Structures are given as structure tokens and as C-alpha cells.
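**Q** Each chain, written out:
Protein chains: 4
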Amino acid sequence: MCGIVGIYSNKDIAKELYYSLYSIQHRGQESCGIAISNGDNINYKKDMGLVGDVFKESELANLKGSIGIGHVRYSTAGGSHLANCQPLVGRCRKRELALAHNGNLVNANYLRDMLEEDGYMFQANSDTEVILYILARYYKGDIVESIKITMDYIKGAYSLVIMGEDELVAVRDPHGFRPLVLGKKGDEYIFASENCAIDILGGEVIRDVEPGEIIVAKDGKLKSYFYSENYKPVKRSCIFEHIYFARNDATIDNVNAYDFRVKCGEVLAKDEDIKADIVVPVPDSGWAGAVGYSNESKLPLSEGLVKNRYVGRTFIKPTQEEREIGVKIKLNPLSNVVKGKSIVLVDDSVVRGTTSKLIVKSLRDAGASEIHLRITSPPVQYSCYYGIDTPHRSNLIASGNDVEYIREYIGCDSLKFLDIDLMVEATENKATFCKACFDGDYPVKKLDREELLSC
Amino acid sequence: MCGIVGIYSNKDIAKELYYSLYSIQHRGQESCGIAISNGDNINYKKDMGLVGDVFKESELANLKGSIGIGHVRYSTAGGSHLANCQPLVGRCRKRELALAHNGNLVNANYLRDMLEEDGYMFQANSDTEVILYILARYYKGDIVESIKITMDYIKGAYSLVIMGEDELVAVRDPHGFRPLVLGKKGDEYIFASENCAIDILGGEVIRDVEPGEIIVAKDGKLKSYFYSENYKPVKRSCIFEHIYFARNDATIDNVNAYDFRVKCGEVLAKDEDIKADIVVPVPDSGWAGAVGYSNESKLPLSEGLVKNRYVGRTFIKPTQEEREIGVKIKLNPLSNVVKGKSIVLVDDSVVRGTTSKLIVKSLRDAGASEIHLRITSPPVQYSCYYGIDTPHRSNLIASGNDVEYIREYIGCDSLKFLDIDLMVEATENKATFCKACFDGDYPVKKLDREELLSC
Amino acid sequence: MCGIVGIYSNKDIAKELYYSLYSIQHRGQESCGIAISNGDNINYKKDMGLVGDVFKESELANLKGSIGIGHVRYSTAGGSHLANCQPLVGRCRKRELALAHNGNLVNANYLRDMLEEDGYMFQANSDTEVILYILARYYKGDIVESIKITMDYIKGAYSLVIMGEDELVAVRDPHGFRPLVLGKKGDEYIFASENCAIDILGGEVIRDVEPGEIIVAKDGKLKSYFYSENYKPVKRSCIFEHIYFARNDATIDNVNAYDFRVKCGEVLAKDEDIKADIVVPVPDSGWAGAVGYSNESKLPLSEGLVKNRYVGRTFIKPTQEEREIGVKIKLNPLSNVVKGKSIVLVDDSVVRGTTSKLIVKSLRDAGASEIHLRITSPPVQYSCYYGIDTPHRSNLIASGNDVEYIREYIGCDSLKFLDIDLMVEATENKATFCKACFDGDYPVKKLDREELLSC
Amino acid sequence: MCGIVGIYSNKDIAKELYYSLYSIQHRGQESCGIAISNGDNINYKKDMGLVGDVFKESELANLKGSIGIGHVRYSTAGGSHLANCQPLVGRCRKRELALAHNGNLVNANYLRDMLEEDGYMFQANSDTEVILYILARYYKGDIVESIKITMDYIKGAYSLVIMGEDELVAVRDPHGFRPLVLGKKGDEYIFASENCAIDILGGEVIRDVEPGEIIVAKDGKLKSYFYSENYKPVKRSCIFEHIYFARNDATIDNVNAYDFRVKCGEVLAKDEDIKADIVVPVPDSGWAGAVGYSNESKLPLSEGLVKNRYVGRTFIKPTQEEREIGVKIKLNPLSNVVKGKSIVLVDDSVVRGTTSKLIVKSLRDAGASEIHLRITSPPVQYSCYYGIDTPHRSNLIASGNDVEYIREYIGCDSLKFLDIDLMVEATENKATFCKACFDGDYPVKKLDREELLSC
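Chains as they are written, first to last, in this note's numbering: chain A, 1 to 455; chain B, 1 to 455; chain C, 1 to 455; chain D, 1 to 455.
Just chain A, same shape as in the assembly (with noise of 0.2 Å):
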């Protein structure tokens, strides 16, 4: 869970850098930077914390450079620590690099220590890291040749930005796991986790980076190669992006996140014979489901849960008697709203189950009669191992609990998910997805347990 942007321009684009990062904040809060060449060097900032936080106006004015790269980070891979953040900024072969990394590796341990065994040290423990060494180890002189030797090694989900001091490269792994979207405006060429970081420069979407793809932007001229010649793309899109992690307004892969989650809303309200007052979303992963919910059941939209503004800033943590006092500063029931009803509660997902549980505890004080909890997904049965920070499998309320299980937990009336072949009709087939989290079955093979709890 992190976003990356990438900016190939002729004027200087520390600012357009610093508009979307700020765009595509929710995809990390962790961490942030900008790495910028002028030409000659690459000079980068990067600190713990938000866009707005870190960057002063007088620090991008000195970022002076028209190619660019940035990043936001959610650690998944890799602790919190300032050695982590990213763009990481490199030397070698007497010219500079600088890579932004979305994704996670499933064998960077094991390369980790190919690198060390051969006397390389590390400095950092990120999975970008790794990438990094291996490009600039079988960097030649030719980019290209290098990234495509570097994906011949690294196994997993990765978009990149990768910065040379005079161009731009833009990567998508094989399977094309987690986004990258062209853009342009004007004589200019941007990259972007999501599109909105392209619509708030007021750039247009072009198309997804392919699978596989490598995108160079160097001359003022694109050029597209792959990573393989006989490679035969496989999509397999995270679906996890469409249904929580994206901004209602990305379409990733040709799929409208929000089209797609309204209509996951209609799927499931389609045979439902339960009788309710009103459709009450969980704020805000549950408005597009719960929008599509109540137009097909017509049952009307209620706000029965105010969402605090401010919740995501610091806040000092409830003490454990204090524990419902961190459900209720997030997410306030309206009382006058759901006192006395029969409601319909939609939300995208479940993963732990306790926010549910605490949600449900809240509105049943409220004065609600009834609670039907509607998810528009199915149960998250299995970690990601591409760069999803979903716990380990034992804490997922529905790795191998029934739904019943799960209901009695969480306290609700009753409890559906949504079935996982009407998921992937919602989409359309516009594209073909990972699935693994819902389904176990893995794209690219996962290395054994002791490795991964090690990362």
C-alpha cells in the first residue's frame, strides 16, 4: 500500500510532484518524498509523515528539475523507520538513480541474502532496496537491459519509477498487480498509481502501464518494451485496489472503482428477502456499495454513522477503558436516524472483524431494532503477499470460520458477504484479477511460511 509518481517534463515539476502525492495521500501516511534531477544530479527530500507536513514551499522551490519522481508509503515490507522512505537515491557506474517502489517482493529474502553472500550491505530493509542493488549491479550503460535482468530476479508486485539523471522509466510487473496509469498534458509525461494524480494537474489518462511493460520517457519521446519478447502478458489486477484501496474516481485496468462498487451493491440486494427501514452505510468505504444497495432493493439511504473529519491525525490512544471512545470519535451513530430501525448495514469488507463488532455494539445503543450486515466482497480468507497489508491468516476473522461464526462475533441479526463469481461479473471482465486474498490461489508462487514471517 504505498503510491508512486513519476514526471517527465521541460519545466521545473517539484510543485506538479508535490499536487499528486498530495492526491494520492490515502495510498500511504506513513512517509513521503520527491526525488528531482536537474539535468547533472538528483537532489530529493523525503521525511516521516503527510504531503502537507513535509514539504515547505521554500524546499520545493530549491528541487529545481524537470524529471521527478515521488512517493508515498504505507509500511508493509520494511519497518518505520526514516531509512525506509522513499525515493531511495543511489550512485552507480558514475550515474545517479532514483526508484519508487508500489508492491511487495516474495523473494527478497532470499536475494537479500544472494546480495549480502556476494558482500553487498544493506542499509535500509525495504524490498526497494533490493531492487535497487540489482538494477545498478547489471546496470551497463543501457537502463533498459538492466531493468529487464532486474525482473528476471525479483518476484512478486511491483510498479516502479525508476529516474536516471535525463530520463524516466515507468515499470508494471509481469502479472501487473498493483497500478500504473500513463498521463499526459501538454509535451508532458506522468505516471501515477492512480489517475487523480494526473487529473489534478489537469493532464488527461492515456492508458494502464501493460503488465510486463517498460515505459521510457527519455528525448522528450516514449518507448515501450517489454520484459519479454515471447512474454504473453497474464493481467492479474488486484481486485483489493477496486474494492477498498482506490479512490472512488480511479479506474484502474479499465474498472471504474466506483461503477464497481455500486454495482457490488446492487448484486447483493439483488434475492434478499430481509425487511428493512434503511440502507445505512459504514463512512466512507461503504457509500458506493450502499448507493447501489439501496437503488436496487429501493430502500432509502440513511447516514445512521457521522464520520469525524478529522480522525486520521494525531490522536492520543484510548486507554482499554477507554476503547469505545476509539470506534466513537472515528464514527458517531445518529441516534434520531436509526433509533428504532430495522437497517441494512453495508460495508466493503470485513478483514478482522472488530471494527465491525464496535460499529454494531454503537448503533444497537443508538436504538437500532435490527442489524442485517451487508459486505460488498467476500470473506478475506488469505494474507496478501503482493503488498496489501492484511494481517496474517490468524487473525482474519474468516480463515476458516463460517459466516455464522462471524456473525455471532460481530453481534449483527444477520450477515451476507458477496459471492465471489457475481464479484468478478460486476466487473465486467473488463480485466482479469488477483483474487488470492478471497480464493488462496496464489499468481506467483509463495516461498514458505518461515521466509515470509521473516520479511
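Hint data in this document are derived by calculation from the structure and do not stem from the laboratory.
The structure presented is a predicted model; accordingly, all values stated were derived computationally and were not measured.
All C-beta atoms, glycine included, are put in the ideal place defined by N, C-alpha and C.
Mixed in with the good hints, there may be bad ones.
To be verified - Here are the computed distance ranges between Cβ atoms for each label pair: (1) A:Leu82 with C:Tyr405: 54 to 60 Å; (2) A:Gly186 with B:Gly202: 55 to 61 Å; (3) C:Glu428 with D:Glu324: 45 to 51 Å; (4) D:Glu324 with C:Arg352: 37 to 43 Å; (5) C:Ser224 with D:Asp273: 50 to 56 Å; (6) C:Ile420 with D:Lys275: 52 to 58 Å; (7) B:Glu57 with A:Asp187: 32 to 38 Å.
Unchecked claim - Which chain C residues stay away from chain D? Per the calculated CB distances, all over 10 Å, these: (8) Lys45; (9) Asp118; (10) Gly220; (11) Arg309; (12) Lys328.
Take the given structure of chain A and dock chains B, C and D to it, following the hints.
**A** Below, chains B, C and D alone, put in the same frame as chain A:
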């Protein structure tokens, strides 16, 4: 536009004040503060910034005491300066007093001059210091007496929480412009601008403080007084709180904000003869009205604008030529929702008209074929003297201009406002209101323009 | 222990105030502030911390105006709190006033009670606010008149700079306890606690402000007034400024600190019959006295203790068991200088005796064979009520104890203080002094103990 | 110009490292850091700024472990950037290593190119990363072996502390350019750039680490190795450490800085035939020499320049026209000491000559009748390649110019430097020295100019 909280308890309440203020952060983001009495002394901490940023856990732990007040501030009168942060804390006649204030006096300048003539020295430039000084001047041992005298002097809108070493007092002005709610949690009494600050603590709402009422919490008991025995309260609850300012979960003077907002949308949808495809809310303020409009019109509700959850934080201001970025970073149109559609765009109010104009343009750029703007309140034609930060009349688009003029300025295909009488009807007459911003009928005579400008 | 500066010019002077305050930073490290009048308004910035940390270049650039005052504060009366930072700025009778104060009143509590009785509200708890309120109360358009009345009320030590929108006033109390110097640079007038604040700007010192004098800079001219026409100033210049507090380059009331300190060392060396090898100063305060002692005794001066230049900055307090680290981080003995030597250790004063004790121990540990401590002032036996932060009498090692007792406590082989009469002789009678801390002869009757303790 | 510390203990040592670094803060004020091994992992904290500002008590408490190293940095090679802060910490062959370095390599660029050719990626641009990478490359399980190989590669000046999870290693280059002292406190071993870092902890100095020596602390014992069995150490202790850089209490390679500095002043005073009234030191660097000069010449020592204790902290840079303020804020002449006097001004060295020029001017403005500048070292004619931050030769006033030229530039009445042979004599031949900055005799062949400039 400020928020206040007061808690009278028999245990340490710094952290409760923190959570309460956090929940009403939407009422003021400029500065915040907490003052707490340990029985002998009042200690405080206040600073520019958000609740989550200003207070650290260790500092709260140091603010010992069981009586306390808190404040979040959005500057209205008085500039943006540390000296204007509240609560104000002072010492008079060997006792300490702290004061937090929501509202705006109409005769603050006159009173300030009067006190200056008498040799008083003002150190801030807020209305609140004026109230504190009068309170101190007439305090002779009985806080209720001095409050009554103070209420003789001060004219306008004020909800106050006042704290002495051993007592907490809540005061609402004789018209009850600004909200003030009384709650209870066990032996603990809580006063707050909105009920969410009581809900968050797990307390229950008892009732609104009445116009002209003075409630004293002391020696474990509550006692109620009125400004004047012969005083007949004429409630003039600010309608704009219900339209825009309060959270959806607020119930002020018996009117629930969410219900009212939905109702306004429903009323507006009646007698419509336009043909449209979808109803699109301006997030977040237009959601409730759009839900109502959709209910009544049977047109489907669709999210056509995505709001960036991180806006409101620090943000480097776009230059003039990047002007559209300022709107897009906040609201990005969902082009595949709006493309080729005739949309009903719903918002709660139009003040300057500039934001509406930019939203309409951005929806058109995204391909909307027709845009029918519907506003769930009447045109704002008059400035507010009672604490809502409306601009000077000359900047109100509806001041002196008819609806057609506004429509042309905003650039939408049609524009309708909610009729003022229908709006009042939508409140179900649960209270009487100040609607001066719409009809110019000011409950408290405003002072002459010169004086007000210099406020 | 504070430092003040005032500048009256016809060009922007924020940066000059900054440099001046920087040069008198030794007079107070707790907080600092600058207030500047642009002719119409007074703007200010003040905060906890050092001059170099509080002020940024951009902020100084925003403080436009040609009249200004500044303050550095070391808390004496009034706790360590933002509200006590100076200058204090307020508005009375439609004009703004700013005030910075060095010194301590002996009747502040009495005056505060008096004003509270009259309905005034105090927002800080410093003497300075008392002065400001009395000034405001009696201000009727003529600043000099109100200052004279204020001087009738306030008793004790005060050097003040007071600023209105168009004038700057310097005031020194009738005894002239605290220093205040007048300087000039072209058309510009400068008042400052020490001449280094004038030197730094390239200005020249004109003279000391006289006891009881009020100097007004207005309309480009200086005008001098006196507290009372019949008033005969009896200068009681604080001798401790000359002994310790002022910088070596200060000339206050005609006495140069460095000359005086050297002289005291010389006087002390006369009639000595000890046999010693070297003279070692306690840095930095003992250097001048040690130079004098070495001159007179012909014993070579040697640096036996090295001072860490970074002490005084933030420093994590050693625990009890690391207690000696606290001294060593400040002063490390030069073992090869002191080993086997009989040394004369020179310091300027002994207050609690604890530091001397630890220094003597550390020199012994480093191998000194004999340590003869020589103090270039008499024993401090009485607390100061006029602004020097001496501890309560019970903590003064010399209060009620004879020299032999002190010697034993400190652990040196011999101990001598400078005789009080010889000390005065060393000033060459250039001024008359307050020596109350040595002889208990308080020029202004101190108030009763109870009241003072609660100050 | 950096300072390093290493501690091997059996209890938590974060706070000891903190105090040690605090005591050698004079060796580097740009950044600082601490890395500590808890036996399994190395954790660290480093940042731009001073020791007292970077480390908070709570953070130190979190850095658990009994083996640790620390660093204070004054940038020489490698720009001023967070990436260049030390210690560097990395992982190679499944173990972690941390490294702190004082000194400068002469072949860093060559080595960096070599490693880049082999596919290594540099993330900082300091010499230290080069050392770390070579160390990692040749590390095969025996740290001493890999250090020896590394020492084959790296040429120039380096004192190192290297830490693995369970061992601490101290290394000094074969010429011993930079100091490194071994101390002991109970069972604890301490390595540090200067003995004050040992003194502060209450430890005792054992001896200097020898040129070419590798000392390993492991399993509670010390073991000493040498770079090469046949290696004959030729000590080339940096004379400039003794002249200027080390604290007065430093004893490096048997030479005590204070004794040496005093001696240099004495030597310089011999055969003088000028008639002067007083000896004035340039504080603080000229004090010891001035004491020696005064001893020998029998001229009285006088403080003619007062140093502001707060300079060195944050300070807004004066503009060109305020240029003299920059000197005056640092050093203010004591006019009544120098007025009408013929003074011998003593400083330790002249590099660019600009500061001396401004000091001389400011003493003349203060009334000095004659100024005879005496420098207790020879003219600095050559740049240092071993870690002292002397400017390029073209900026050295003594490079290519004779003494008369320098005298005229500085504007003093006479000027004398200490003869190079007399300087060496003053060390009493306790060591052999690198004096390359004075005589151009570089112990390690410098590389060609081009390469060095690009360092």
C-alpha cells in the same frame, strides 16, 4: 464559529476534554485550548493548531483537576494570534477565572472603549476579553450576580462556559443564537456546543441550555438561574447551524441536523420539472440534501465528485495559474459517472459563489451534459453579526443580485434555492430561529457600519 | 535578571533589535520577545527559548516599523510560562502600549490585590503586568504624567522601556538598581541594559539613564524628565551586576566590569602568605579575578579547568548517581596542569556552595595537592528583592555560617572572601551601590516575609 | 573534523554515549548519531543538529544495549545531508555492522569508482560509506581479517569505531593522523577521539590506539592486532589537533594540548623587542598562547575582547552592510582595556586572514594605539587532505604571500608567526607529526588535483 466544552466531575478530566474537543474540531481549526482547575489553581495549555497536534499525552497527564473547560477556535472577531486563543484565564479579587466563548458581540467595540476609558488594558483583541473584564469588574464574590450584570452589558451571541476554582457555569445568551447542550455521565456534568462531544464520552444528553439561562455546577449539584426574572426567552436559534455548520448528528433546540437537511432536499425536489439522470451531492455538505432530493425525485443518487480526505491540512497554496488545482485537490469529478449525464447538483448553500462556479466548470470539463444546481437553503443576502464567518455583504453573490444573475455567474443550466418559508416548515417548527442572513431581520439591532467594520 | 532594549529610529529596526538582544542573551535565556510599532500599530513576536531559536529571518522581515523594544527573560517573579514572556503589549484609551521590564518590585502583591479589588483582571503573574495596568489606569493622554503616577505606586527595582505608537520611553527607578544605558547611532537612539547592545550596532554610548529619570524619544528628539522635581536621586547601583551578572565589557554607572573584577582579584592577593604554584580561574566567571590575582601575586595563571562551550544548551539531566557528570560536562579538570600542584582557585562569588564543592573534589581527584579558594566578593548572606535570582536565605551557605564552616563544607584547604569595604574601594567610588546581598542594608524596605514568599 | 566514541560494556550505555558525545561536541556541530547493539540487533538514531537537541531522554531509554558507537560530524567530504550522518548502519552476510569515522581518505573517489564498476550502489556521498562497503565486501566471518583487507584499500586518515552485534572494534590508520584514545571504567572499555569523553564518564585513560592498530573488544576482553605484522608504525599525529582543534584538556599521543599551547606562546615571546602594554588573547583559541606569552614577556594579560557565549547557535546572517556585526556579535572589544594601549594580540593560527583583519579593525576603532599580532603556529600554506577543513590553497592568505603582505592585509602594526622547528621543539618530541599544512610534506601521497577537487 467556535466550539466550547465544560466538564464538572470528581476525577481527572483532561483526557475527556481532549476527546470532546476532538469531536467538535469541525467548529474551529485555528487554535484550541484546555483550562483545568485542581481545586486551588487553574492551569492551562493553548496554542495555534488542531487538537490532535497541540496536546501531547504527557501534557494532558500534567493538567490535573476535575473541573475544566475547552475551546476550539475559528477566528471571527479578533485576528489570528496566540493572544486570542481561548480559554482566557485570569485572576481577579484573589480568585481565578477561566472563560471560553462561542459567538460574537455586536457592541464589543463600544464596551472596549468604555473599559479603556476607565483605565483597563486589553491584551488581546477578541470579544471574549471584553466579557472577561466585565465579569471581573462586577465580580464581588457571587459569580451568578456578576454574570447577570455582565449580561446587561453584552449584546449579541454568546454561549459561554466559565470556570472558577470550584465551580463551572454555562451561560447562553437571551436569544440562544449559539447552541449549548447539557449532558450527564454518572455524577459528571458536561456542557458542549454539540451533543457529539457528550456522546463521545458515553454520556447522555439532558437538554439544551435555555436562552438567558445560567447553569451552575458546584458542590456536586446543578442549579439553574435566569438572566432576569421577568425575562421571557425568545429563542432565535441560528438556522445556519442546522443548514451547514453543525455535524449531521447534532440535535440543537430539538432540530436534528441530518433530518432537517434531508427534509430540505425533499422539499426542494417537489414540483421540479427538469429531466435529469442523476443526483450528485457536493461532498460533504451536500450529501444529506442530495439523499432527500433523490428520495423525493426517485432520481438515483451518484457520487460525481470525490473528496480528498486530506484536504484541510497544511497545503501549499496554488499560484493564480494553478488556480483550478485548488478545487481539484479538494473535489475531483468522477468522469465516468457524469459523462453525458444531465445532473442535479445539490449543495447546502451558496455564499460567494466562487466554489460553485469552479465545481460546475470541472463537472462540465468531465463531460456532464446539463448541470442543475439545487441549494437546500435560501440565498444568503446579509452578513451575520452573531458569529458565523460570512463575508461582508458586497461579497455575497446573492446580495443585490437575482437568481438568474447568480446562475449565469456560476454557469449552471438551472439554479433553484429553497424558499425561506418552506425551509422553516422543514424544521417542523420545533424552534424559532434567527434567519437574518437570509431575510435581514436581525434579532439584536446591529450597530452602525463603521463600528462593525472596525470590529 | 533580564535584559531590555529599545530603539527609536526612522527605518525598520527589527533586525537591529535582534542583534541587540542576541548580545545580551546572557541576561536571560528562558524567553525573549520583540514588539515594534509601524506608527499605527504595535506588532510583536515572543516565545520561550533563545533569541537565535525564536526569531526566523522571515518573521523579522514582517515586523515592520522604526520604533521597537525587546526583552530577554530569566524568570524571577512570575513562573516560567508563555503568558509571562515580554514585552507585554496592550491597548488602553484607544492607543497601544508595549512594555519591557528588568527588575523586581517589592510591593507587586500589594498592588495586584489593590487592582483586583478595583475589578482588574490579571492574565499573567509577573510584576510587569502590574506596572502595565497602573500605567494604563492613569494614562490620560500624557505618557510622562502616567509614568510619574505609576512611579508613585511601584516600589523596588525597575528599568523599563515603554513604547507607544509614536514614542519610546526609558525609565529607571529612583535608586537605579538595574542598569540602563543610552546610546546613539546617527539619528537613532538606543536604550539597553548593557552597552554591548549598543556597541554591536556600531552605536556610541552617551550616558547612563539616571535614577528616577524618564527619557522620551519622540518627534526625532529626546526629552528628559525626572520622577519628581524635588527628587534627589540616590544611586544604589546593584554591585552584583559588576561582580557577576554583566558582561566583562559592560560599563554601568561609570564602573567597568572587567576593570573592577581584575582589581578585586588584585586586592585579594595582597597580604596573602600562602605558598602556591599556580592561579586557576573557575571559567568563565573567575577569569578576570584570576588575572588580577596573578598580576599582584606574580603566581602564574594556568587553565586548570576546561569549560565545555556547549553547556547551557539542552542537556538531559544526569540521575543522582551520575551527579558528578553534571559538573564534569561543564568543567573538566586539566590533570597535567593541576597534578601535584598547590593551586589558588579563583571565583567571583559563592552562593549555595554546591558547585564549588564539586569543583574542589574534581580538582583533588585530578591530583591537586592543595586548593586555596579565593572569592573576589564578600559572602552572600541575604536574598535579593530587586531582581537577582538569589535563593532564599536558608539556602545561602554564608547565611549564619562562618568562613571556616564554609571552607569545611566546600573541602578546600583555605578560603578567603574579599572584604566588603575593599570591594567598594575597588570601584574607585565611581558610584554608590546596593550591597544588600552582602550586608542586608536594603535601600527599599522589604515587605513582610509572608508576602514576599508568595511573590 | 569529527568526533567518535565507542563503548563496550555489560549494561545499557545509551546515556553514557550521550554524555561522551556531548563532551566532544566541539569536534562537530552539524549532525550526530548513536548506534547501539542489544546483542541481536543494532538500533540507531541520528539527525542534523547538536547532541543536546537531537536526543531526547525517552529516545535514549529506548536504545537498549551494552555495545554502542557515536559520532559528531562537521562536514568535510560529503555534503551537508541527512544521508551523510553517522554512524552508518548496514547488514551484510546476515550480520549487522555499524561504523563511525573521523578523518578523510585520499583515494575515496578511486575506490568509489572501483566499487561502482563492480555494481555497488552508493546512497550517501561520504568516505565512510566507501569504507563500509569494502568492509562488507571482504567480510567472511572474521571482522579483523576484513578490516585488514579494507586497510589495504583505503589510504589517508581514519580513526574508526566499528560495531557488530557482539563486538566493538577500534581502528587507527597506519600514520595515526587522527586521535583515538582507549579508556577503561570498571569492566567497561571506552574508545574516543579525545580523553574528555572518557573523563566525563569517570573512566581512566589507558593509552592511545597505535597507528595501524586494530583493537577488538569481545567476550569481555580486549585483543590487539596490527594492520600488518611487518608494519612499522610511523606516527604522523596531526599537529593541528594540538594547535587548535582538540580541547585544552586533550592529551593526544603524549602531547597535552594546553601545555603545548602555553609553551608555544612562551617560545614566541622570546627575543621580542617590541614595547607593548598588554597581552590580549583572541578568545577562546588564543588564551593558552597568550598565557604563555605573558608568562615569558612579563607583560600583563588582559581581556581585550569579550566573547558572546551564545554564538555558534542559530544566528540570522548579517547582510553585507551589516558585515561588522558578524564579528562584533562574536567578539566585542573592551574599549577601556585597549584604549591608548599598545597591545600584543595572540591567536593560535591564521587561515584566511579575514577574521583577524576584522578583529584588528575593531580593536583600532576601540582605541588601541598599536596592535602586534602574534600567532602561535607557522603560516598555513597548504590544504589538508586528512580531515581538517582548511580551504583550498588559493584561499589561504599565507599561500604564496610573505609575512609583510599578510601584515598589511590584516592591518596590524607587526606580525610574527611561530617558527616551524620551534613549534616542534615545543612538543618536546613526544611524538612525530604531520605538519603538511605548514610545510607541504604530505605523509600519504596526495592524488591528482582533478580528483581531489571532485571529492
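**Q** For every hint, state whether the structure bears it out.
**A** Status of each hint after checking the structure:
no.	hint	verdict
1	A:Leu82 with C:Tyr405: 54 to 60 Å	56 Å, holds
2	A:Gly186 with B:Gly202: 55 to 61 Å	56 Å, holds
3	C:Glu428 with D:Glu324: 45 to 51 Å	32 Å, violated
4	D:Glu324 with C:Arg352: 37 to 43 Å	41 Å, holds
5	C:Ser224 with D:Asp273: 50 to 56 Å	52 Å, holds
6	C:Ile420 with D:Lys275: 52 to 58 Å	39 Å, violated
7	B:Glu57 with A:Asp187: 32 to 38 Å	51 Å, violated
8	Lys45	13 Å, holds
9	Asp118	42 Å, holds
10	Gly220	23 Å, holds
11	Arg309	6 Å, violated
12	Lys328	5 Å, violated
In this structure, the hints that do not hold are numbers 3, 6, 7, 11 and 12, in rising order.
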